[in-house]
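Student: Chain residues, written in single-letter form:
Number of protein chains: 2
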Amino acid sequence: MSSVGIVKPQAFRFDAPLQLQSGASISDYHLMVETYGQLNADKSNAVLICHALNASHHVAGYYEDQPKNIGWWDNMVGPGKPVDTNRFFVIGINNLGSCFGSTGPMHLNPATGKPYGADFPVVTVEDWVRAQARVADQLGITQFAAVMGGSLGGMQALAWSILFPERLRHCVVIASTPKLSTQNIAFNDVARQAILTDPDFHGGDFYAHKVVPRNGLKVARMIGHITYLSDDDMAEKFGRDLKTGEYQFGYGVEFEIESYLRYQGDKFSDYFDANTYLLITKALDYFDPARDYDGDLSKALAGTKAQFMLASFTTDWRFSPERSREIVKALVDNQRQVSYAEIDAPHGHDAFLLEDARYLNFVRAYFDRIAKESV
Amino acid sequence: MSSVGIVKPQAFRFDAPLQLQSGASISDYHLMVETYGQLNADKSNAVLICHALNASHHVAGYYEDQPKNIGWWDNMVGPGKPVDTNRFFVIGINNLGSCFGSTGPMHLNPATGKPYGADFPVVTVEDWVRAQARVADQLGITQFAAVMGGSLGGMQALAWSILFPERLRHCVVIASTPKLSTQNIAFNDVARQAILTDPDFHGGDFYAHKVVPRNGLKVARMIGHITYLSDDDMAEKFGRDLKTGEYQFGYGVEFEIESYLRYQGDKFSDYFDANTYLLITKALDYFDPARDYDGDLSKALAGTKAQFMLASFTTDWRFSPERSREIVKALVDNQRQVSYAEIDAPHGHDAFLLEDARYLNFVRAYFDRIAKESV
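Chains as they are written, first to last, in UniProt numbering: chain F, 1 to 375; chain B, 1 to 375.
It should be emphasised that the hints constitute simulated quantities derived from the structure, not laboratory data.
Be aware that a few hints might be false.
Repeated chains share a single entry, so a pair holds when one copy, or any two copies, can fit it.
[To be verified] Under the rule of at most 25 Å between Cα atoms (straight-line distance), these lysine to any residue pairs were calculated in the SDA-like manner: (1) Lys114 to Tyr207; (2) Lys243 to Tyr293; (3) Lys210 to Gly250; (4) Lys210 to Pro199; (5) Lys179 to His225.
Work the whole structure out from these sequences, hints included.
Tutor: And the structure:
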């Protein structure tokens, strides 16, 4: 197993307006894309990797001038890795509205000549999938061997199977859910409130004020981070350990967990865009493919044609195994072929990004099978 | 069963300095107190009720000029109620540093003539218990029939059993924990960060600026509120229901749960003091009686003499039944007499405040037994 090595992102530009679910549309946008491995002659070995909140098109490898900037799923994608780039042509696309290079709220709105800010349209998982399909069109890929993602990325994979049933042979949905729970939405809304009420947010137009709603972003990230970790894992890593060994009787950093979370929050607010945070959490909230079918997920998935692989993690309380099982059940109702693994792992929701032999072997075995299929 | 009816709080004043765990001390303070029922001749029928974060000395009944301002545990305390004021003399004390009448950060610091603000000393559960003991002294109560509380109130009851083993015959600890988990501390710290980083907080001296850190308090309360409710209960009450029935594709109130939480947050920031929120969450974080015994709770409870009653609620994920069982185990290790009930209830942590026949009957039966004891 080795890394895909040096990679280089490319911008795909789109002039034609993309119609969005909200009724708005966006023109003159670009998406950042990375690819790894070689597209075969009949263009049948492409795998699309969809990213979650805090990730991008940079799935694997590193940049020539940034050797430490390693792709977010580098343990999953590469030569000899579970998604083997010796066999598959793997594509990462930064979603519309993200803050990692694709057109987003911080870019100039051609209609006004100013940053979009609050005017950037609210996008949905389905909008992202339609934008990704245009990238596939440009690459001449009519059908993916697989569309794959974890968490919010898994929602995109699931949406692909519904919106473009003919365009993927396999749909790989990891640590995901058919829709957010009330509690999931509640946590998202508190995070949004922290950003929206930060005086430095300026109604989304903070770019013009040369400030960033750092405090709001920090609190939002701290909330998110707590929900990504398992209670037990947090307890094992930090316990009730104190920075100095003694109670300080003040409001500075005291417990190690405070130090860790505040650091994570500060780091996040250094690079993440507040408008992007808002729009991605809304995309999460909105995702609910069963909504157009009276809440019946089986009906929502009736038109799918792919084979499915799902995985969940026992200590994930954000998107618990129960939520994956809802998808499995709905697929089985439709007599779809489904492989499902519930991985006993201590690291909560974040487990989908981490090293875990059982998990990675499960994915490897599945992609080995895909590679051996005759198309 | 009827209400205790019209009640009237009284201020207990203390001139002598109270030595605090932090090393600081406080003088010239007062505590607000309410009592219900009659103290018997040998002063053996007193029950102290300890309150949690968002409550006060106003445990039962209502005020003559505020008939709708009903005590927070009115379903528990009153004539014929589980803690029967026909038998017991019940006392509610507002804790030092609270914002419901007892001396707190919003009061004048006699040393400076200005509101304490950031200078109000950080207090601990043990400090509160020592302050409560002084109230008992003034009332001539040498031994309580019971000291009782839920959540943070349960911590105070437990601390009573350790600090003043001779001064209570029964210790009633509901929906509580021997110490906060790492995750509990994490949620508290995010809430504090929301307040501390609100520009209207002014380092705790917002009184002088005639503002209130409303946004920080609102976010803090929203976070807290999510942890008080169970995931299932929230799902049942609010689901994914939308205010208008349609997605709005914006950042206003959209889901019913958002409306509910923002309303709760706004209401809270209308009346709760930001400095009080900080100090109470710190008191929660600090509570850990086993800390002085190498983490051994059995040793920490070895000197207790009371009989114990504990109750927990199955869907409470803030202080889960497992946490109560840790206390029960440590008491059993010490051969203390313990009654413990794990109540199957859907309402999460908040269940300890709500109507639930099995729960209230369990408390009633326990207090019936106390009433029949010869002292």
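Student: Taking the hints in turn, state whether each one holds.
Tutor: Right, here's what the structure says about each hint:
| no. | hint | in the structure |
| --- | --- | --- |
| 1 | Lys114 to Tyr207 | within (9 Å within a copy, 40 Å between copies) |
| 2 | Lys243 to Tyr293 | between (52 Å within a copy, 20 Å between copies) |
| 3 | Lys210 to Gly250 | between (33 Å within a copy, 24 Å between copies) |
| 4 | Lys210 to Pro199 | both (13 Å within a copy, 18 Å between copies) |
| 5 | Lys179 to His225 | both (20 Å within a copy, 22 Å between copies) |
In this structure, every one of the numbered hints holds.
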